[in-house]
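Engineer: Residue-level listing of the chains:
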Amino acid sequence: MAESSELAILEDYLLAEDAPLLEEMAEEDEEIDLYNEMTFGLDRDSMEEEVAKALAPPVKGPELSLVGKNEAAAVAEVAVEEEDEYKATEQPGLGAEEEQPMLEEMEEAGEEGEAEPGARHDDFADMEEEIGVDEQEEEEEEGEEEEQHDEDNEEQNDLGDPAVMRAVHSKPTLESLDSAVLDSRIGSTWGEFEGDDLDKAILQALDRGPPMSHMNLDFLVSPAQRGYLGSPGLKRPDFRMMSPKSFPQRFMRQQSPMMPRSMGSPRPYMPSRRASPLFTPNQSSGYVSPTPFRPMSRNISTPTQPLAMHFGPMSPSLEPPLFFSPPAGCQLKFSVPSHMTQLHPQHQRILNQRQQRGQAQSISPKKAWSPKADPYSGLMTRKEKDWVIKVQMMQLQSENPHLDDYYYQAYYHRLERKQAEEELLGGRNKQEPPKLVTPYIQKMEIYDSVVRIAGSLGQVAVSTCYSPRRAIDAVHHALQEEAAGNQRLRALHRIEKMFLQLLEVEETQRKMSLLPEEQHPRFREKKSHEVGRIYQALKIRACDSEEEAEDEFLQVLCVRKGKKLTARLLPHLAREQAEEILVTVTRHLPFLMRKDVLDESLPVLYGPLSEMVGRMTFSELIEVLQELTRPLAGSTELPLTMTFKNQFGISLLYALLSHGERLLSSDMPLEPHSGDFEKWTDTVFLVARELSQVPKTALVEPLFLPSNLLSLFCRYLDKQTIHRLEAKMECSPLPSEAAMPC
Amino acid sequence: FTSLPEKHLVLLRDGRTLIGYLRSIDQFANLVLHQTVERIHVGKKYGDIPRGIFVVRGENVVLLGEIDLEKESDTPLQQVSIEEILEEQRVEQQAKQESEKLKVQALKERGLSIPRADTLDEY
Chain U
2 MAESSELAIL
12 EDYLLAEDAP
22 LLEEMAEEDE
32 EIDLYNEMTF
42 GLDRDSMEEE
52 VAKALAPPVK
62 GPELSLVGKN
72 EAAAVAEVAV
82 EEEDEYKATE
92 QPGLGAEEEQ
102 PMLEEMEEAG
112 EEGEAEPGAR
122 HDDFADMEEE
132 IGVDEQEEEE
142 EEGEEEEQHD
152 EDNEEQNDLG
162 DPAVMRAVHS
172 KPTLESLDSA
182 VLDSRIGSTW
192 GEFEGDDLDK
202 AILQALDRGP
212 PMSHMNLDFL
222 VSPAQRGYLG
232 SPGLKRPDFR
242 MMSPKSFPQR
252 FMRQQSPMMP
262 RSMGSPRPYM
272 PSRRASPLFT
282 PNQSSGYVSP
292 TPFRPMSRNI
302 STPTQPLAMH
312 FGPMSPSLEP
322 PLFFSPPAGC
332 QLKFSVPSHM
342 TQLHPQHQRI
352 LNQRQQRGQA
362 QSISPKKAWS
372 PKADPYSGLM
382 TRKEKDWVIK
392 VQMMQLQSEN
402 PHLDDYYYQA
412 YYHRLERKQA
422 EEELLGGRNK
432 QEPPKLVTPY
442 IQKMEIYDSV
452 VRIAGSLGQV
462 AVSTCYSPRR
472 AIDAVHHALQ
482 EEAAGNQRLR
492 ALHRIEKMFL
502 QLLEVEETQR
512 KMSLLPEEQH
522 PRFREKKSHE
532 VGRIYQALKI
542 RACDSEEEAE
552 DEFLQVLCVR
562 KGKKLTARLL
572 PHLAREQAEE
582 ILVTVTRHLP
592 FLMRKDVLDE
602 SLPVLYGPLS
612 EMVGRMTFSE
622 LIEVLQELTR
632 PLAGSTELPL
642 TMTFKNQFGI
652 SLLYALLSHG
662 ERLLSSDMPL
672 EPHSGDFEKW
682 TDTVFLVARE
692 LSQVPKTALV
702 EPLFLPSNLL
712 SLFCRYLDKQ
722 TIHRLEAKME
732 CSPLPSEAAM
742 PC
Chain A
32 FTSLPEKHLV
42 LLRDGRTLIG
52 YLRSIDQFAN
62 LVLHQTVERI
72 HVGKKYGDIP
82 RGIFVVRGEN
92 VVLLGEIDLE
102 KESDTPLQQV
112 SIEEILEEQR
122 VEQQAKQESE
132 KLKVQALKER
142 GLSIPRADTL
152 DEY
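Same order as they appear, the protein sequences are chains U and A.
If you're matching positions, the first sequence starts at 2 in my numbering and goes up one per residue.
If you're matching positions, the second sequence starts at 32 in my numbering and goes up one per residue.
Please keep in mind that the hints were generated in silico from the structure rather than gathered at the bench.
It is possible that some hints are incorrect.
[As the list claims (entries may be wrong)] Calculated lysine to aspartate or glutamate pairs in the EDC-like style (CA-CA distance at most 16 Å, straight line):
#1 U:386 with A:57
#2 U:386 with A:69
#3 A:102 with A:37
[Said to hold, decoys possible] Estimated spans, in silico, between C-beta atoms of each pair:
#4 A:75 with U:616: 55 to 65 Å
#5 U:403 with A:128: 57 to 67 Å
#6 A:128 with U:531: 35 to 45 Å
#7 U:393 with A:108: 26 to 36 Å
#8 A:128 with U:696: 47 to 57 Å
#9 A:142 with U:407: 36 to 46 Å
Each residue gets a CB set at the ideal place from its N, CA and C atoms; glycine is no exception.
Let the hints inform the model, and build the full structure from the sequences given.
Structural biologist: Here it is, written out as structure tokens:
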């Protein structure tokens with residue numbers, strides 16, 4: 002048998018020689034088919050070709066890619082088994098080297114399955130002959146060959162062609178796991194083909210024709226196998242759901258939990274936020290295959306059009322009626338994406354609308370194209386489209402969408418909130434804002450791409466599609482800049498570290514707000530812990546004016562980013578800690594103002610600090626004010642006076658005074674300490690005096706001018722002074738001045 | 032997807048607008064457009080230049096959208112002949128170039144020189 006098969010091969014070869022052009026074209030096609038299969042997986046139509054491939058002994062490299070066009074391969078197991086081993090590299094443009102692994106695997110499949118070498122004689126060279134004859138022969142031979150596959154394989158290996166790779170039965174390789182395209186296997190219409198009646202099978206295939214390419218192959222796959230969420234709308238009749246009896250054990254085991262679900266009534270669309278990890282690459286099953294366009298065409302066209310011998314792209318001369326004759330009872334072809342495909346909800350809606358419209362009306366009379374006249378519309382099969390969509394979806398998925406896709410998330414939240422409001426107001430039914438949910442495809446297992454073999458002199462780099470060229474283990478180690486001795490650098494370094502911590506804190510805060518209430522305490526605790534750490538890192542401590550330049554906290558504050566950091570941190574801090582900061586800032590205000598002349602970034606602190614001020618008690622306020630009224634070391638100048646020239650300073654001062662006034666004029670018990678009131682009045686007088694002395698031009702406009710300052714002054718000062726101050730501060734005059742008691 | 036092939040509109044990075052039947056796409060957004068027309072818009076007018084089959088490299092695609100065939104007809108834009116639209120475009124380009132020249136001149140006078148932007152991504 003082996004010999005005869007060899008002879009058959011030679012024969013074919015001779016036949017092939019008669020039509021070299023055809024052969025070339027077919028070869029190209031084969032290669033492209035192979036590529037298609039590898040990328041998209043097999044489907045029932047190409048399964049047959051797979052079988053042929055598997056069966057074909059790898060006599061010569063290129064020829065291996067020849068695919069017989071047998072439609073009625075009964076050896077489903079082989080094909081399916083093969084799929085299992087197929088590596089799918091996504092790179093288009095397969096080079097020759099790419100084909101090697103393929104060959105390897107095909108051989109492997111051949112090894113496992115029932116290889117039928119003779120089948121390869123079903124060659125394109127024989128295209129012109131009756132298909133039925135070929136396939137019948139093939140089938141017969143298959144039966145015979147079953148027991149002898151071992152022999153055949155051996156023989157194959159002995160053929161000695163350097164292009165022939167030894168089949169290696171390996172576990173799913175790294176490469177195969179890496180592929181982004183690991184679909185599960187699909188059943189096929191094997192059930193229907195299992196019959197002996199090949200002619201019927203062919204006719205069936207013909208009937209179905211290219212609409213196949215439009216119809217989803219989703220029915221062939223159970224939803225769990227494919228990587229997508231349930232797709233919208235269209236319910237597929239399940240008559241296609243087959244239980245391929247010939248599926249190998251492994252697949253059945255995987256599939257059995259799913260099978261019951263997939264059987265039965267059409268699957269309605271089940272929108273879910275997050276699909277379960279549907280891709281389980283480790284159990285890598287075979288592939289879902291598209292219906293490659295070309296082989297289809299060949300199959301269908303050639304029997305009826307012996308003259309239209311084309312293997313390349315379809316030419317318009319190919320008779321469309323054959324191609325596009327819709328199967329009986331299916332008037333409108335809807336090339337809706339498979340229910341696996343996750344489209345944007347709005348997109349989906351439009352599609353559904355169209356469907357409904359189409360169903361409602363008959364084919365619109367004003368269509369410019371009739372399906373019959375558009376031979377190009379099926380160029381991309383459903384599989385291919387789904388695959389592209391899937392690739393794009395995969396690119397969208399992320400571990401941390403709030404980080405990676407901030408704008409969309411923010412937009413979506415806003416939309417949600419708006420709709421919730423509308424719902425409350427308008428009382429409309431709850432409208433779920435459309436959200437694009439990417440299919441959750443489990444990430445490949447992380448592994449070290451740099452392998453260290455004991456005793457070797459270097460690193461063995463394993464290159465994959467995720468890290469194609471990671472040849473060295475370059476890890477960035479953060480430099481220790483503490484030793485640098487440069488104070489400013491150190492301060493900057495510290496600021497960066499603390500900022501990162503702060504960002505994490507805010508992140509947890511944000512996440513917390515999305516989580517249910519029960520988990521809040523835990524998060525709050527964690528957050529306060531982290532905040533405490535940052536506060537410690539700030540190293541706030543009391544220091545004199547001489548040490549100001551060395552004080553680490555003040556150094557941080559001298560940097561704009563440090564100010565921003567402090568400002569952002571303040572709302573999170575505990576009361577005492579925030580106060581400490583305020584006191585320190587006020588105490589060293591002259592220093593900070595001096596350092597800020599160029600930058601002018603102190604105002605960034607104003608907001609949080611003024612809020613802080615607004616919560617202080619009277620005594621605390623007095624304390625802070627004391628800082629401003631204490632004369633600077635070595636001079637009689639008051640910090641107070643210096644604040645007038647600085648926007649932040651004067652704003653802070655006003656804020657403090659305003660708060661004091663508020664406290665006084667309110668009815669709340671102040672609980673002052675002894676001496677507080679005196680200090681307060683002293684301070685106010687001092688401020689008034691300084692204000693009146695400073696020329697107006699030197700007075701800087703504050704960030705915010707509290708309205709109760711004049712009333713404050715009113716308590717203590719005479720009318721004249723008030724007028725003057727009023728003019729200087731450009732306050733709005735008090736109402737009913739005449740009625741003022743002062 | 033309906034029984035009719037969908038017309039797609041593609042905007043390219045160099046500012047061209049192509050309208051055709053999208054026959055194929057891949058993960059890089061390389062496109063195969065069939066029976067493509069290049070539509071030139073100037074103001075409220077537009078003109079179509081039939082181009083045939085386009086194969087566009089994905090990196091040059093800005094966006095791609097499907098044209099609603101029913102809405103396609105009710106557009107406020109007015110279609111004109113190719114010659115006319117090309118003329119309009121030339122006029123528009125000229126005006127732009129002149130204003131650009133003035134701007135560069137003004138900047139030069141003030142001692143600034145902004146390098147000319149890359150021809151791509153600018154239209």
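Engineer: Look at each hint and say if it fits the structure.
Structural biologist: Status of each hint after checking the structure:
1. U:386 with A:57: Measuring from Cα to Cα gives roughly 8 Å; hence the hint holds.
2. U:386 with A:69: violated (25 Å)
3. A:102 with A:37: holds (13 Å)
4. A:75 with U:616: 55 to 65 Å: holds (60 Å)
5. U:403 with A:128: 57 to 67 Å: violated (45 Å)
6. A:128 with U:531: 35 to 45 Å: violated (57 Å)
7. U:393 with A:108: 26 to 36 Å: Given a distance of about 31 Å, which is inside 26 to 36 Å, the answer is holds.
8. A:128 with U:696: 47 to 57 Å: holds (55 Å)
9. A:142 with U:407: 36 to 46 Å: holds (39 Å)
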